[in-house]
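Asks: Mind docking chains B and C on chain A? Use the hints.
Chains as they are written, first to last, in the numbering used here: chain A, 99 to 318; chain B, 178 to 846; chain C, 4 to 320.
Don't read these hints as lab results, they were simulated from the structure. Some hints here could point you the wrong way.
[As the list claims (entries may be wrong)] Below are the DSS-like pairs computed for lysine-lysine, each with C-alpha atoms no more than 25 Å apart in a straight line:
| id | chain 1 | residue 1 | chain 2 | residue 2 |
| --- | --- | --- | --- | --- |
| 1 | B | K562 | B | K552 |
| 2 | B | K770 | B | K552 |
| 3 | B | K770 | C | K289 |
| 4 | B | K821 | B | K809 |
| 5 | C | K173 | C | K58 |
| 6 | B | K734 | C | K54 |
| 7 | B | K734 | C | K58 |
| 8 | C | K58 | B | K733 |
| 9 | B | K733 | B | K809 |
| 10 | C | K54 | B | K733 |
| 11 | C | K260 | C | K272 |
[Unchecked claim] One side only, chain C facing chain B, incomplete, derived with CB under 10 Å:
| id | residue |
| --- | --- |
| 12 | A8 |
| 13 | A100 |
| 14 | A120 |
| 15 | M122 |
| 16 | S130 |
| 17 | M137 |
| 18 | L142 |
| 19 | L148 |
| 20 | A223 |
Quick reminder that beta carbons are idealized off the backbone N, C-alpha and C, glycines included.
What follows is the residue order along each chain.
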Amino acid sequence: MNIPFTAQIINMCAAVLLLIAFAMLSQRRILSLINLFAMQGLVLSLSTAVVAYSSNQTHLYYSAGLTLLLKVLLLPWILHLLIRKLNIKWDVETMFNIPTIMLIGLALVVFAFNLAAPISQMAGTITKSTLGIAMASVLLSFLMMITRSKAVPQVVGFLAMENGLFFAATSATYGMPMVVELGIALDVLVGMFILGIFFFQIRVAFDSLDLKHMEKLKED
Amino acid sequence: MFDQFGLLPIDVALGVVATWLMLGIAGLLLQNNRLATQIIFPAGAVCSLALALAGVGGLSETSVAILPLGLPDLPFHLRMDALSSFFLILLGSASIGISLFSVGYFRNMANDTVALLTLEYHVFMAAMALVFMADDAYLFMVSWESMALSSYFLVTTNHEQPEVRRAGFLYLLIAHVGAIAILMSFGVMQGGHGDYTFNTMRHTHLSSFWASATFLLALFGFGAKAGILPMHAWLPEAHPAAPSPVSAMMSGIMLKTAIYGILRVSFDLLDAQMWWWGVLALALGLITALFGVFFAAVQVDMKRLLAYSSIENIGIILVGIGLTLIFHNFQKDALAALALTATLYHALNHAFMKSLLFLGTGSILHATGERQLGKLGGLIHTMPKLALLMLVGALAIAGLPPLNGFVSEWLLLQAFLLSPGLPHAYLNMLVPIAAAALVLAAALSGYVMVKFYGIIFLGQPREEKLLHVHDAGIWERIGMLCMVVACFVLGLFPTFIILQIDFVTEMLVHHSLGGSALKHGWLLLTPIQAERASYGPLILFFIIVAGGVITSLTVKKYYHGRLRRGPAWDCGYPEQTSRMQDTAEGFGQPIRKIFEWFMGVVKQVPTPFDTHPHFHSETHDRLWNLFYEPIKQLNEIIGIQVGKLQHGRIHIYLLYSFVTLLALLAFIQ
Amino acid sequence: MTYTALFFQLLQNALVLLVAPLLLGWINQCRALLQNRTGAGVLQPYRNLIKLFFKDAVLAENASPLFRATPYILFACMWLAAALVPVLATDLPLSPAVDVIALVGIFALARVFISLAAMDIGTAFGSMGARREMLVGFLAEPALLMVLFTASTISQSTSLITIVETLAHKQFVLYPSMTFAGVAFVMVLLAENARIPVDNPATHLELTMIHEAMILEYSARHLALVEWASALKLLAYMTIGFALFMPWGIAESGDWKAVPLALLLLFIKLMAGGAGLALMETLSAKMRIFRVPEFMGTAFLLAVLGLLTHFLLEMPA
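Chain A with its partners taken away, still in its complex shape (with noise of 0.2 Å):
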């Protein structure tokens, strides 16, 4: 296989990102979750310089620094701030157990990889079978959102879906035009700011973070 290196990096790269949305998937302490975004932050901005230098767009570049900046420091940083605040170091229960979860994930993987399958053998980029697995990450952390109980895990989730987006888009096209990407990240950032408002509501009104007790608010 003559593969060019820098295409094996971010087939790696791809690879790295799939394991780690296994891993948050799997994982039950919300420290570590958020360990694990942040190293799924700086695995796609490399995986963004890397395609970057291999296509000779400076504008990834851009986009890999604001990748680093955003998602591996300051959003971490406000989940940490945020969890500390709210005493919530405690393990994350899970509606489903793990074994079932995970065998769910993996049937999510082999879907978002049929998915993929006709449209990577349209794209002319050179990372093209990486956008199944661009997809399935995306669905995993779905997954994870849906699966948890708790509502930082459920943010982190949302976060992690829009990470595999962005490497979606990273490998299929080349990345988004700058505008666009800048606006994402700052709706990213506010809805970080809006949540976190939002969860010390809830914890007033019902005293935990537990979503379990949002049922109350039906009508019964």
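Replies: Same frame as chain A, now just chains B and C:
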């Protein structure tokens, strides 16, 4: 090889069938226990040997015969080609050991029970032989039904117990539902010609819709006999209820008649197959295998455990069939031959392995009177020879090298691995997932066998009476020794067996492994190419034995071999009763905990306030509630509705006759 | 079978036998250094073995012949397994007899025998250890097979020699499937060799035992053989890992001059691997026994994912 006598293999086989029938009738008429066990059963064993040899002869040459029995325009057609011969070899060689075992096992039974048993046993074997040789639908159905009936009577030998009766009824019911499906598939296959011989069916071309209908009906019908999900409910009831030689015969051989049926219909009678049949068979086989092994891990009755293990092995065989269908359909015939070889090898292996274990449980039942694992234990001290024979069987079923179970699993895994890209994307994905499920089932069967062997033979006896039991009798041991020898031969010399199986694969998928398998001599099995895969079981066995022997001799020479006995260490705890070992439930508890959602587990746990705490847990088959109960209720509802036809009033009955007469007259017009 | 091949095989046999306790000693020494202890020295396992061989064997009164035969069977299986994996040269005449599937089968055979021997005495410890060992094995064996299958599909063969030769000669390509397979392999190695976080090799507390519980009743030469067999198993697993993921430096058939270099590289790899293992053990805590199936399930799923990734993304469709 019978040419010197001027006999065709089929003549020998028919002679064996006739002899069996006569032996059975003789047994019934004689009503003498001693004569039956000392003359008739050994004679039956000799006939089995003759049948096996006839089968070997029949592999290379096809012979046909027509008997003047049967319907006026449809005499019995018989045919012994490579496929039939292979299964006749299976029947013949496995039943030698079972018949010899029965000589010792039935020794102390009542005269009339033994008489009936002899008749039913030999009719059973004769019917199975006829199923393998039948070349037209009528003979096939006649022998199929005889097989079902005789095995029903065999299963209900101890009909005084209600659960035996219930098991027999369930067995007969599902067997007949299957038989109807098989009959319907034959009906579709004859394609309107009205001629029910297999030869016509071979040359009839069916549209893909009807061909699929045939395949599905055959899969359902033969699957009901084989114990494929969801028609498996009779297996865990019927196999334990029957006497042990009968369980061995049913589990080892009768289930394979269904496999024979599926192979015959899919590859021989239908001229074109579709790939999705293979996918269906593969998926069904995997689900069956996993189901069987999960449930086997949580059983507390030793014969039920073996019954579920049979379900697992049938699932594995079906996986092989599915794989063969897929490869054959995509014209990858070398791989189809590999998959088919693996399937047939596994069927042959299972006949010996499972029979060995069932026969062993018969000896245990005879000696201890217990079937529950929780009442056995430590039998290796009082029944050492039986323990050694059963160890071989347990290791073989667990699929451990260098015995035979490993060879067929190895071949099947090679078929999975060597498969190149298949056209459909989803099919491509199927290969790693199916391989993963298969190795999972294989690993868990190791767990099941450690549980089975460990709780029965090892540890301390859980009951007082177990200290005074006798070992298996001489005939029982001889019967089991036949099986053990077969296991070793099949495990250590696979190349010779594959050469024989090649006749069958040549006939069904028009390709064989023989050329490539033996390219590097008979010691090494190289299915496709030596660089790609090779396995030398004899070398492996030799090296392990040599390693052990060298080590033990070296240690004894350079260091002393002093040994003394003392109480068990147990970390210094003084009290060790037999209640402190794992029970059968305990050993299966991790599996039950992991797969609780899959099985229906009913638990009764004590509260802290119970004065007499009691723990009880039962594992149910969920499919019973999901699948069988609704059918049963539907049946009852329909029955009630139809029952409304019966009023008891004569006028209405006369009205029925009158209306029917009018309708017929109008129809003729 | 040429004389050089026979020589290489015997050399490898002797080498693995001698190096296995050294590897164990090195790992224990690294662990001790990481935990700020002095440690017993790298040669301690040899001293242990010699001491054990000279002792009188004490056998429980109800031990059966199976119990007495198992250490020899175990030792023979592990010696064979370690002798098959190409570490110095790919010219091993025994290798065609046993491919990767048969190798996993040999491990399974050893596992079944030691579990049966554990159940033989009939103590609570033994049957508990047997149950836990079979539980770990039931998930670890498929995971290991899947990892080996990934390597087999990449090199289109299940023969260890062909796998090593193919992977060594391919250009340095980073396969995502091998990443998954690598992570899964490390997890399986930890589980099968009774390392933290699955099992503590130095414990004698019932709640934490898997491997130790099974060999509780063995003493003297039987225990020595069982301990040596465990060391050989660890060596076999590590060399399998090197063969799959770092196959460079192994001498080709008939190439005498490359053997000393291969030996040196082997020692470097083993030292690095051993230190890495000690680091992993020191950094993690032992899991609750009920978490072990999850851990193994994750390994299995990762291995399946690796194979799937290879089929779907790397194979030319």
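Asks: Look at each hint and say if it fits the structure.
Replies: Status of the hints after comparison with the structure:
| no. | hint | in the structure |
| --- | --- | --- |
| 1 | B/K562 with B/K552 | holds, 20 Å |
| 2 | B/K770 with B/K552 | holds, 23 Å |
| 3 | B/K770 with C/K289 | holds, 21 Å |
| 4 | B/K821 with B/K809 | holds, 19 Å |
| 5 | C/K173 with C/K58 | violated, 51 Å |
| 6 | B/K734 with C/K54 | holds, 16 Å |
| 7 | B/K734 with C/K58 | holds, 14 Å |
| 8 | C/K58 with B/K733 | holds, 12 Å |
| 9 | B/K733 with B/K809 | violated, 67 Å |
| 10 | C/K54 with B/K733 | holds, 15 Å |
| 11 | C/K260 with C/K272 | holds, 19 Å |
| 12 | A8 | violated, 14 Å |
| 13 | A100 | holds, 3 Å |
| 14 | A120 | holds, 8 Å |
| 15 | M122 | holds, 4 Å |
| 16 | S130 | holds, 4 Å |
| 17 | M137 | holds, 4 Å |
| 18 | L142 | holds, 7 Å |
| 19 | L148 | holds, 5 Å |
| 20 | A223 | holds, 8 Å |
Checked against the numbered hints listed earlier, the structure breaks hints 5, 9, 12; every other hint is satisfied.
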